[in-house]
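Start from the sequences and build out the full structure, keeping to the hints where you can.
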Amino acid sequence: MRDTTAVLGYAWPLVVSPGETVSFHLSSPTLDAAHARIVRVRCADPDPDGPGLKLAEPGSAIDGRVALRDQPIHPGSAAIIADRPALNAASLTAGCFIYPTAPLAGAQTVMSRWRADLGQGWRLGLDQAGHLVFEVAGAAGAATIISTRPLLEREWVFVGASYDAASGAITLIQRSLDTLGGRDSSSVTTGQAPAGLAWPADTALVFAAHALEGGADPLTGGHFDGKIDRPRLFREPLSEETLRRACETLAPSPADPALVGAWDFSLEMASDRVRDLSTNRLDGQLRHMPMRAIAGANWDGSVVQWTERPELYGAIHFHSDDMADCGWQPDLTLDVPSDWHSGFYALKLTAREGSDDPVESYVSFFVRAPLGQAKAKLALVATTATFLAYANSALRLDQVHAEAMLEGVIALSRDDVYIQEHRELGLSTYDTHSDGSGWCYSTAKRPILNMRPLGNTFNYVNDTHIIDWLEELGFDHDVITDCDIDRHGAQLLEAYDCVITPSHPEYYSRNMIDAFDAYQRGGGRHIYLGGNGFYWRIAWHPTEPFQMEIRRGMSGLRTWEGEPGENGLSFTGEPSGLWRTHGRPPQRLVGVGFDAQVFTRSYPYEWLEAARDPRVSWLVEGVDLAKPLGDFGLRGGGAAGLEVDRVEPTLGSPPHLLRLATADRLDYGGVPTLEELRTLHRGTMGDQNALVRADIAFFPTAAGGAVFATGSIAWCCALTCNGYDNSVSRVTANVLRRFLDPAPFEGFDD
Amino acid sequence: MLVNYPEAAHWQVDPSRQDLVDEMRARPRGPHSHDLQRLLHRMRWTGVGKRHVLITLEPGRRWMLARLPGQRGAPVETFPNRVFTSLVEAEWAVFVMRWEALTGQKLD
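So the protein lines, in turn, are chains A and B. If you number the first sequence the way numbering that gives the first Met the number 0 does, the last residue is 749 and the count never jumps. If you number the second sequence the way numbering that gives the first Met the number 0 does, the last residue is 107 and the count never jumps.
Simulated from the structure, these hints should not be mistaken for laboratory data. Don't take each hint at face value.
Claimed, not checked - Using 20 Å as the maximum straight-line C-alpha spacing, the simulated SDA-like pairs for lysine to any residue come out as follows: (1) A:53 <-> B:84; (2) B:49 <-> A:433; (3) B:49 <-> A:394; (4) A:374 <-> A:16; (5) A:53 <-> B:57; (6) B:49 <-> A:417; (7) B:49 <-> A:399.
As the list claims (entries may be wrong) - Okay, the calculated beta carbon distance ranges per label pair: (8) B:60 <-> A:423: 51 to 57 Å; (9) A:103 <-> B:25: 43 to 49 Å; (10) B:17 <-> A:676: 32 to 38 Å; (11) A:255 <-> B:4: 47 to 53 Å; (12) B:60 <-> A:299: 56 to 62 Å.
All values reported here derive from a predicted model rather than from experimental measurement. From the three backbone atoms N, C-alpha and C, an ideal C-beta is built for every residue, glycine too.
Here is the structure:
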């Protein structure tokens with residue numbers, strides 16, 4: 000058994016051009032050193048029934064021994080405001096609205112200027128039993144008061160605390176916003192602390208955690224799970240009414256001499272900054288990307304997009320397990336030779352070779368064909384948005400439905416076992432945080448265990464079967480990335496006569512969709528060799544590379560549901576969810592669109608009459624149309640399976656489309672996606688429902704352009720069967736050769 | 000918040016249905032009859048106690064029995080003496096344990 004986790008790392012940047020530099024940030028708690036070498040990935044799948052792991056070693060300047068060190072990860076999001084004189088007033092009142100999402104998960108801090116290493120300062124938070132706590136401590140003594148009733152999970156509550164330095168009086172306010180039906184946990188608690196406490200120096204003000212040490216950028220602990228809305232800080236003890244008014248108002252008076260800070264989290268939504276409205280300008284820094292653009296305590300349902308009334312979205316949802324940037328130091332730096340071909344690459348790390356438990360771990364990166372430097376007529380798109388969306392998925396570990404969905408006992412890899420124990424890597428957008436809310440961001444400044452050779456067989460590994468097939472059949476190609484398509488648009492695609500999107504190009508930004516649309520309308524030829532593509536609407540961060548965002552909303556095949564009013568992307572202000580619900584169903588772009596999952600097994604297609612149309616005789620050359628297409632494959636024994644797409648004219652499949660083949664007998668394991676069901680009735684599974692199917696489609700576009708789509712994730716894992724000599728391979732090669740031939744497709748304008 | 004409750008699968012298991020056991024023994028990976036699908040759904044949705052899983056020792060060739068702890072961050076429990084050389088064999092083995100947990104009946 001190979002140890003794939005003894006050393007882990009990430010490459011930065013994730014995508015690099017020839018001639019640029021990529022650094023490798025590595026960590027191992029157990030190894031002092033490893034042997035490193037760069038590999039170009041042809042097939043990442045060790046499956047002994049397939050082509051097997053195929054990695055070429057081009058030889059690089061960093062090949063050799065690399066010393067390793069342990070670089071820990073510190074998860075948990077917070078807002079950190081570096082110490083300023085205004086924060087050091089003798090008396091204080093702090094207040095905000097909170098929405099605790101895991102009040103029983105352990106002691107948590109909501110607002111603090113607290114040094115855990117000294118045990119001094121003040122902090123407003125929750126105790127282990129979910130009671131609100133206010134704690135003050137200095138050299139002269141300490142005091143703690145605890146509210147009498149615990150906070151309720153996922154209920155808004157106004158909270159406040161004050162310390163009067165003159166008298167030492169302390170007060171703790173807890174006021175439920177909804178007081179009906181047993182939801183009222185309101186209480187006011189008072190106590191006595193030493194007067195004139197001196198606060199610790201060089202102590203950051205922190206929201207959703209407290210500082211473990213001094214300085215402007217401290218390590219933090221006591222992370223809060225939940226929303227914080229409109230935090231305010233004053234230099235005087237205030238009454239509950241005065242504090243409540245100050246927290247309610249969207250425009251606290253900067254001229255109020257008692258005001259220390261009043262933060263508006265609805266400003267600069269895409270950034271990692273929080274803005275203070277007071278004259279002190281106590282702006283802060285967010286750590287680990289807590290969820291922004293979420294409904295505040297004042298959200299009333301009058302709008303559902305934050306851009307319409309941002310003032311109703313002045314809250315941030317912090318998570319104790321948020322993790323966006325490991326912050327590891329680089330251990331190796333590679334100047335990518337300018338003559339290296341684009342492709343999937345990795346740093347291979349080995350150790351303990353020859354032992355019972357040899358280490359073999361990979362750190363992936365991609366070498367792009369840069370804009371304006373195409374070296375082939377064909378491009379394969381690396382779907383980094385999909386890789387990020389699935390990055391470190393714990394779905395099979397955490398989610399009740401996983402085994403039922405996958406129709407069999409779950410087989411975990413060693414990577415999965417590692418993720419079960421090491422949640423600090425940060426999970427995928429399929430997962431929920433420890434408080435049950437969905438992960439909406441994914442980043443690349445962390446090890447991604449399922450985007451590398453030997454990883455789980457979905458997305459990355461499956462896509463490399465296409466690379467292997469292209470190389471075996473001698474199709475010269477460039478690799479371009481979807482994030483570059485977002486950045487550069489159609490001009491990146493237009494350099495190629497033909498572009499392949501692989502097994503599961505599921506996550507698309509608006510500019511990525513528009514770029515493909517423009518490419519196809521301008522004569523480009525697009526081969527979509529996957530299933531469930533062009534499905535979710537995402538955004539890339541406007542300035543930070545390799546950060547993507549998804550809001551799941553309330554439709555689609557979703558492993559968590561977006562909360563009401565929280566379906567707008569914080570990165571761009573665009574609505575998120577399914578492209579189908581935004582007027583851009585995949586059928587309109589590629590002729591087919593997602594309709595079902597089938598994990599019991601995969602199936603062959605049957606050819607339809609359209610396959611005998613003389614206009615597509617080139618497509619079926621050498622193929623026996625009387626025989627099933629793809630009654631073999633490495634994923635479930637067929638070419639149609641896992642997630643499948645069908646032609647649907649009402650969703651935009653074009654009139655000229657030829658539906659060439661179908662797999663429409665998917666039996667009871669064929670389960671339609673949620674948005675396919677109008678009403679609830681039995682008879683919707685594949686054994687009774689012909690709409691549960693995979694279709695193969697071809698249509699010409701404009702100016703000589705065309706689209707070919709296979710509508711199945713399993714397709715690409717059938718390409719290599721029988722030594723690459725099979726009907727799936729033949730059809731794909733026929734299409735590819737024809738798509739690389741500039742001759743227009745005749746006969747479709749009649 | 001949309002939640003999947005593990006206890007929601009409540010199809011009643013009839014310990015006298017040896018025909019379902021025989022069917023599962025003959026074809027652990029399916030296709031399955033309607034009632035066997037219901038029984039498997041009951042087992043798979045709930046996990047029946049802590050969820051048994053496999054750990055791949057050798058891709059496509061060897062798998063070890065394991066059990067999820069039901070808590071994030073806790074280690075996966077492994078059973079190194081129970082190694083399977085096919086997923087069919089593993090599927091049957093997990094069924095045997097779950098059948099006993101649901102009915103009290105040990106299967107051969």
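Hints versus structure:
With a CA separation close to 24 Å, the supplied pair residue 53 of chain A and residue 84 of chain B exceeds the 20 Å bound. Between residue 49 of chain B and residue 433 of chain A the CA atoms are separated by roughly 19 Å; this keeps the pair inside 20 Å, and the hint holds. Between the alpha carbons of residue 49 of chain B and residue 394 of chain A the distance comes to roughly 16 Å, so the proposed pair stays at or under 20 Å and holds. Note on residue 374 of chain A and residue 16 of chain A: the hinted pairing holds, with a Cα-Cα distance of about 13 Å set against a maximum of 20 Å.
Note on residue 53 of chain A and residue 57 of chain B: the hinted pairing holds, with a Cα-Cα distance of about 17 Å set against a maximum of 20 Å. Between residue 49 of chain B and residue 417 of chain A the alpha-carbon distance is near 18 Å, which keeps this suggested pair within the 20 Å criterion. About 11 Å separates the Cα atoms of residue 49 of chain B and residue 399 of chain A, which keeps this hinted pair within 20 Å; it holds. Checking the proposed 51 to 57 Å range against residue 60 of chain B and residue 423 of chain A shows it is violated: the Cβ atoms sit about 32 Å from each other.
Checked against the given bound of 43 to 49 Å, the beta carbons of residue 103 of chain A and residue 25 of chain B, roughly 47 Å apart, stay inside it. In this structure, residue 17 of chain B and residue 676 of chain A meet the distance hint of 32 to 38 Å, their C-beta atoms being roughly 36 Å apart. Take residue 255 of chain A and residue 4 of chain B: their Cβ atoms lie about 49 Å apart, and the range 47 to 53 Å holds. About 59 Å separates the C-beta atoms of residue 60 of chain B and residue 299 of chain A, a value consistent with the hinted range of 56 to 62 Å.
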